[in-house]
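**Student:** Read off the chains here:
Number of protein chains: 2
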Amino acid sequence: MESAIKTVVQQFLSSARGKENLGAKNFQKLVQSQLGNIMSDTDSSSAVKDMMRGLDDNQDGKVSFQEYLNLVGYVANAWSERKTGTQNSAAN
Amino acid sequence: MESAIKTVVQQFLSSARGKENLGAKNFQKLVQSQLGNIMSDTDSSSAVKDMMRGLDDNQDGKVSFQEYLNLVGYVANAWSERKTGTQNSAAN
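Those protein sequences? They're chains C and B, same order as listed.
Heads up, the final residue of the first sequence is numbered 92 in full-length UniProt numbering, and it's a clean run with no missing numbers.
Heads up, the final residue of the second sequence is numbered 92 in full-length UniProt numbering, and it's a clean run with no missing numbers.
Here chain C stands alone, though its shape is the one from the complex:
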């Protein structure tokens, strides 16, 4: 599992290209290239923008590492529900 966690971190770091946050363009690229199979509507630019607004807790127009981890948690929850058929109470 360690390599899975490292993959999640590395994906953010390489998408952010040395910056601390993901801008709208890099976020869209990441979602479309990395999460297109597990999430729906990633082909739609406006849906991805809505997703970004939903994640952007501090409303700065960028996705921080913490906000990105919230997305990962959201996807993990959705996947777990699909696997178990149960609804997990969301902490975020």
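A portion of the hints provided could be inaccurate.
A pair holds if it fits inside one copy or across any two, identical chains being indistinguishable in the list.
Said to hold, decoys possible - Below, in silico cross-link-like pairs of lysine-lysine (BS3-like), each with a Cα-Cα straight-line distance of 27 Å or less: (1) LYS62 - LYS83; (2) LYS19 - LYS83; (3) LYS19 - LYS29; (4) LYS6 - LYS83; (5) LYS49 - LYS19; (6) LYS29 - LYS6; (7) LYS62 - LYS29; (8) LYS25 - LYS49; (9) LYS25 - LYS62; (10) LYS6 - LYS25; (11) LYS62 - LYS19; (12) LYS6 - LYS62; (13) LYS49 - LYS29; (14) LYS25 - LYS83.
The set of hints was computed from the structure by calculation and includes no laboratory data.
Fit chain B to the given chain C structure using the hints.
**Tutor:** Positioned in the frame of chain C, the structure of chain B alone reads:
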């Protein structure tokens, strides 16, 4: 990255053995077998118990899926700091 997220979910599901939460014993097994290289002190039963108490937001003596995702986020943060040398402001 999708397979990395699935790995994280699958690890919880197999460790929980069909239950909704991880008990102390299964949590300890998971941490020691899966996170022994990336975290320190996983060999110490008391350190793992302390970690579990720290994660157990609702104090029910078990680790829920949400609480487990908080651990994954914690490890991801620690790894990101190691890779970038910066401190991320923690949301959890």
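**Student:** Hints numbered earlier in the text: which of these fail when held up against the supplied structure?
**Tutor:** As far as the earlier hints go, not one is violated by this structure.
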